[in-house]
Structures are given as structure tokens and as C-alpha cells.
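Residue numbers (the numbering used here), protein chains in the order written: chain X, -2 to 274; chain Z, 99 to 402; chain A, 5 to 326.
These are computed hints drawn from the structure, not numbers from a lab.
In this text, a Cβ means the ideal position worked out from N, Cα and C, and glycines have one as well.
Mixed in with the good hints there might be a few duds.
Facing chain Z, according to a computed beta carbon distance under 7 angstroms, are these residues of chain A, among others [stated by the list, open to error]:
1. P22
2. R164
3. G194
4. Y239
5. Q247
6. L262
7. I269
8. A273
9. T284
10. A295
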Amino acid sequence: MRLGATVFGRYYAGDSVVHRMDPRAKLLIVLVYMVAAVLAVDLWGVAVLAAFTLACVLLSRIPLREVFDSVKPLLFILVFTALLNVLTVSEGTVYWHWAMLTISSGGFWHALVFTLRVGLMLFGASLLTLTTTTIDLADGIEALLKPFARVGLPAHELAMMTSIALRFLPTFLDEGVKIKRAQESRGATFDEGGPWQRLKMLVPLLSPLFASAFRHANELSMAMESRCYHGAEGRTSLRALRFGRADYVGFAMAIVMVVLLVVTRVMLSAGVTGHFA
Amino acid sequence: MHMALQYGDDAAARPDAPTEGSATVVRAGDEGFAGDPIVFDAVTYSYDNRTNAVEGLSISIHPGEYVAIVGGNGSGKSTFGKLVNALYVPDAGEVRVMGLSTSDEANRFSIRSRAGLVFQNPDDQMITSLVRDDVAFGPENLGLPVDEVVGRRDWALDQVGMAEMGGRETYNLSGGQKQRVAIAGILAMRPDVIVLDEPGAMLDPRGRRGILRVTHELNDAGVTIVLITHFMDEALTADRVVVIDKGRVAMDGTPAEVFTQHERLAAMRLEEPFAVRLTAALRERGLYVPYTIDEEELVASLCL
Amino acid sequence: MSVVFQDVSYAYGADQPPALSHVSLTIPDGQFLGVIGHTGSGKSTLVQHMNGLLQPTSGRVIVDGLDLADRRSRHEVRRHVGVAFQYPEYQLFAATVREDVAFGPTNLGLGAAEVDGRVRRALERVGLAYDEVAERSPFHLSGGQQRRVALAGILAMEPRTIVLDEPMAGLDPRGCEDILGLVHRLHEDGMTVVMVSHSMEDVAENADEVLVMSGGRVLMKGAPDEVFSRREELYRVGLDVPQATRFQSRLRAAGLSLPQDVHTIEALADAIVASVGTRTKERYQELAARAGGVAGDRVARAGEDAGATKDAGATTQGSDGR
């Protein structure tokens, strides 16, 4: 049973430029990308963001469908933010109104832009994990956090934990599905009854999952210990991090995108007001 | 392929020769060690200070042997592996691996790199998401130079027949493949001994056969193998079988010596080889044949 | 109760290869069906269709006349078809054994007295003493006991059919024997049993019929005698025959007359005695001496084996090499 085969945070093996980039560069680009997503408040901005994302996906040679699938489990976030925007923003023509809730043309625009932005953010983050192995990611995080180690931040440990968490995500998802089915076999229903009933049903679902997490943690820590793991000190890192041409170019592209967004914003606020419409 | 496992003839490639450069884990006390690689000397260990998991356990594993350790759940056989690997330290008595006492904290890394441990659950040994990163994990921890880590990683993957799979995600492997990656991860530390703690318990018969074959290939190449198992067909392929019961050695001998003792094995409710079970069934029916583990011999006895 | 598969296919995703393709089969009331096939053959997927945990991509599953395509039928069927996954103890969750076993019957909406009665009966059925384990945490029991508690949790639903996916996986021989004995008793009590297993021996010894899965399809289905006689086909899909079956062919090749195909040790022993007759130890030694050569060596060993229970532990102490 490969239940969690498509899951946010998984790695998609490949040998593209994006796969081979320095994890630090990729982390920094994602950081810049997130800033860009915050700046992209209109459809122009979203278009720039989308173009950059699409370019990255094409370069990574990962089928677009895989990227979609990895974001799919988080679709509910998009639906939720979209609904929130539609119902709370009151601008332009108002179609429906009840208490604090309104459905208006402006609300739809807000919802569209906002949902696209959040969606693209998820896309970008997903592309990072799809093209970066957990250990590379850990190395990257560790290297970027190293300056903070002097002030007592456990850079290596944080990085290792992130890496292990990502490694076990699909395993837990599989187990979660299996536990749910096993409890359903015992007459449990997870999609019926009132809120209290549903809350109560979390116990037979979560309690075995926690037990399993502890079991995994215990065995994994022993396996790591038996393979001489003893923290960062004196540890070789096979993946010597080196910034290459692709890293500089990628980073530069991300900066260009932000500049572009700032420029369009300034231009738009000077000229046409309001939305793309 | 098997000669490669002798770690080459030049001294620099030998595991007991301290590697130049960045090696921070120097394997102490191992120049030309020729004694028994694993010695248990009256070892007692308890998880909860009430009941002893092993009690006064004394056993020596000889160089180059293939030993099967057999026993039921709770016999103490799994504790054995963790005591070898210095994951547990004896409450009383001493465990020596390549002459080094596990009770001395300074020896831990030397011991773990010289006597590797493969666990039962294949999932919980995959530390990273990519096969080749996982195999490199041990050598990286040993602080070996990058070239050496890469060389050992590729060599170890080849030894377990996974050379083509280095770029695969660990999550998508079968249980048997995961176990082979785990063995490669241990092998990359170039151990003298590999202890496998029920490596086939969670695998299907096909996966189990693959693991058994790999352990025999490694043993042929000079690695001492200790296989902890409750599968009799696996134990039958060993040079020596040690039965552990209630934390002590109950029987110790060749498979033929141990498994022909029907009454004692039955009393411990251990599974017996097919030929022994059939012999017992025939004797019950009044047809006498001597106990044997060799099916060919049983055929001959019946066709007299 | 009968379970009927009508041309059932199932795929985990639109772009995934089918895990089941065109499976049709009928499991009559009261049958013990053994399911074999190696990993990825579709066994686990098949099993999850039996109480509607998975629904066919195409085709129908009908249990006791109820089509599981209907949501209400699925809920109804889950009362009567218990499914035990691999390592069922990993689904234990409650603070006490009693609460955990009571989970199923409580979900059925039964009264407290009825639930309590079912918990007692279920624990008794799996061979655990209510007074000893009921108030203990399931997490503090041994592995074998945990598995029995998990099975009790399914039996407390008082199903008429029980489906077990490799119920002996990971247990030692003693634990396997206990669970197999339990499954055997359930069948004798009249339950329909579907058991997925890697052990050809366990299937040969217990099943009325054997279902062989390969690549998501039904490769064969029939009585153990029938299925295990088609040895070549089984080998081709990576499966084996029981050891008794293999040994029987060796005996036949050596010239022994064993007309009836057998698949269990007991049946093989019967067949051999029917063919060779009985022999005392003295008679054996006489025959062996007459045969001479290699057989003579065996006589020497045969003389030894009666009193050969030397204490090997002492040997180890001696060879300690200190």
C-alpha cells in the first residue's frame, strides 16, 4: 500500500539543474520568493510570481502533475482562505448581504488574488522539498543557521530534526490511513455526528499514531546511535556545499522578480488605482 | 567481488589502520586483533531492575563464524544484539568486542563501527530519504574524508546488490530492499562483525531469502555474522547454532547437534526443522528413523 | 455468510496500475479460505474490499446479499465482517484492555450490560483471563498478548466472518501457534474465516480452499490438494509449495510408492507408514547394517541420538578462551 505516495514534503528523485542547486541557494530563493508573494497584491504581481514558478518547475523537469499532487492535501487551506475573502471583503457591487457577511465583486477579486498567492507559496515550498533530499535540506538549514549558533541556537540539531520529520512524514500518513481503516472496521465513524462526537473519535485515531511515533523515535534513535551518530562535531559532510553558477543565477532571478514586483506596484499606485480590473 | 571485502591488501585501506586527515574517530586497540571478536563473560542485564533479560550469559563468537542465535520472544536474544553494540551496558559481567569492553565509554564508537547492528524494522533504519545518503550516514559520522565516504558508500551498495538503486527514495523501496540498504549502511563502516537482529521478521519469504543470501556472501568474504532469528530454515544454514532460553545459553553446537534434540526443543516450544518434525511424526506412528536435519539422509533411511 | 466479488477492479489512483483486476470469487458461509501471493499481488487490497473499506473502481462486492456500493450496506456489513490488519496491536488506543475491546460494541450502540458481556466473551475466546487483563494498559502487555487483545477487539463485534491479514506476522513460533490455534477454533465455532498468509504450511493445514493471487488477479482457487499440485505455476509467480509436498516428491523420486498427494506433515507421515510399514529401532539398525556403507554411519548416529542431550551450555563455558 503506497497511500502517502503523493504528499507535501516528499522528495522526487531527479538530476535537473534545480535538483543539483546548492540547498542554501534554494532556501534563500524560497525566502525571497515568499517575500515576493507578500508583495504580489494584484493580478500583475501574481502573473510575475506564476511565471517564475512555472520556469522553476520546467527547469526541475518534474511533471507539473506531481507538483499539483503534492500540494493537493493542503487544498483545504486554499478553499478556506478563498471563502474567508469572498465572505468578508465588501467592495464594488454587493450581491448578497447578511450580518457581517457580504458577497461582492471586490470580494471575488480579493479571493482570487489571495488564493493564487497562497497557492503559489505552497507550490514554491513544495518544489523545494521535491527537488531537495532531506539531508541536503538539513545541511542547507544548518549552514544558514550557523551564524546564529554563536548565540546558542542549536543549528545542527534543528536541521537534523527537520530532515527526520520530512523523512517520516509519508510513513506517518500511511499509518494514519491504516489506523483509520482499522477503527472503521470496528464500527467507528469519523464523518458523522456532532462536534463532540467527532472530537471523541480523535482519540482512537491519534493515540495509536502517537504510540507509533514513540516507537519509531525509539528505534530510529538506536539505529542512529549504532551508526556512530554523535552530533555535528567531527562529522564529515559528504555534500560539501558550493555555490555554483546555477545558484547565483537562480538567486539573481528571484531578486529580479522582487524588484519587478516593487516596480509594478509603484507604477500601478501612481497610475491606475485599485485592482487589475 | 568477494575479495573486495577483505578491505584490500594495502594497509591504508584496512579498517584498523587509522585513516589520515580528518578522522576524528580513531578505532583504538585494534591493530592486529586476533582473538574472538565477541566475548560475553557472565553478562547480566535487566531493563527494569526486577527481571533479568539476560542472566550470567557467557558466549564467544569466533572469527569468521556464521552463528545463528535462536530463542523465543523474551528469551533475551534481542538484548544480545544491543549489548554487543554498546547500546546497552551490562549490569554485571563484561562484553568485549574486538577486545574492547563495552563498559568503557571511550570504546563506544570503535565498537559500533567494528561490530555493526542491523535491526528488525526496516523502516526505522532509514534515516534519510535517499538511498545513497543513508548508506553514507555511518562513514560520515566516523569523520572520514569525503573521497573515502563516497568510495565506501558505492562499494557497500554494490556488495548488497543495490548499486543501481543509490538515487532512489528509501520510502519507495520494498522491505527487503530497505534491509539491504541497512546492511550496506553498516558495511560502509567496514565492520569485522555484523549482528542482525531478526532482519527477516517483517519481510515476506522472498525478501528473507535475499537477506539470507547477502549474509552468506559477506560471511564467505570474511565477515563474522551473528544472525538472531526464530526462523529455523535460516538457522540451519549457520555454522553454529546457539539456543538462548531465559537469558542463558541452553544449547550450543552445529545445526545437526542442536536440532536433532527433539525433546529439548519441543520443551522450549521452538520450531524444528522439517526433517526433525517428520521424524517425530513417523516415530509416533511406530516407524523408527534416526533424528536428522538432512532431508537427503531421511530419504535414504526411509528407502532402506 | 457469503462474500461475493463480481468482476472487481481497483486502482489506488487514476494513473496507478490496478491493484486488483477483474476479480470474481465466492466465499461460501462457513468456509476457511487461505489467501496466498507475494507482496504486491493484491492480497491486502482484496481483503479491504470485504467490509467496504475500499470500494471497487469497477465491479461489485456483495456480502450476504448486500451490495457494498451502498453506504448503509457498508455500515451494516461492518457489524458482521471483522477485518484484522497486519500488526493489529498497532491500533490499540485505550487506557485499559477493557475499554479497548469495548470500543467496537460501543460503536454499535449496545447497552452497557451487553457490551460488558461481549468484552468478557471476546477476551475468553482469545485465551486471556478477564480478571487479569481487563484493567491493565494494553501497552504494558507482551507482543503476543497485545495481538490477542487486538483480535478480541474485533471479536467483540461478534462478527460472523473474520478476515485476517497475516495474523502471525512478526510473532515467534510459540506466538504463531497460539494465534493459529485461535483462528482454527473460530472456524470450528462456525465462523467464515479468510486468512492471508505467507506460510504454505499454515494454509495447507487449515484452509478448506486456497486462493492464489498474482499481479492483482486470481491465479487459482481450489482445495489445497488441487492448488498445491500445480507446483510449476506456483513457482513461476514466486510462491512455494508446503515442505511436505516437496518432500513427498523426493521420496517418490527415490522409489517410494506414495499414490495420494499430501500437503501436511501428518498426512505425509500417514502415507509413509502406509507404504513402508512400522519399524522398531532394532529392525532399522538391522536394515541399515545390511545396506552398509553410509547407512552404517547413520546406525552409529542413531545409537547416539537417544541420549544425545548433552548440556551444550557447558561447552561454551569451556571454549570461552579467557
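Comparing the hints with the structure gives:
1. P22: The hint is violated - P22 of chain A has no Cβ within 7 angstroms of chain Z, the shortest such distance being about 19 angstroms.
2. R164: violated, 30 angstroms
3. G194: Because about 29 angstroms separates G194 of chain A from the closest Cβ in chain Z, which is outside the 7 angstroms limit, the hint is violated.
4. Y239: Since the shortest Cβ distance to chain Z is 12 angstroms, the answer is violated.
5. Q247: holds, 4 angstroms
6. L262: Where the cut-off is 7 angstroms and the nearest Cβ of chain Z is about 10 angstroms from L262 of chain A, the hint is violated.
7. I269: Holds, because the Cβ-Cβ distance from I269 of chain A to chain Z comes to roughly 5 angstroms (cut-off 7 angstroms).
8. A273: Cβ of A273 of chain A sits 4 angstroms from chain Z, so the hint holds.
9. T284: holds, 6 angstroms
10. A295: holds, 6 angstroms
Checked against the numbered hints above, the structure breaks hints 1, 2, 3, 4 and 6 and satisfies the rest.
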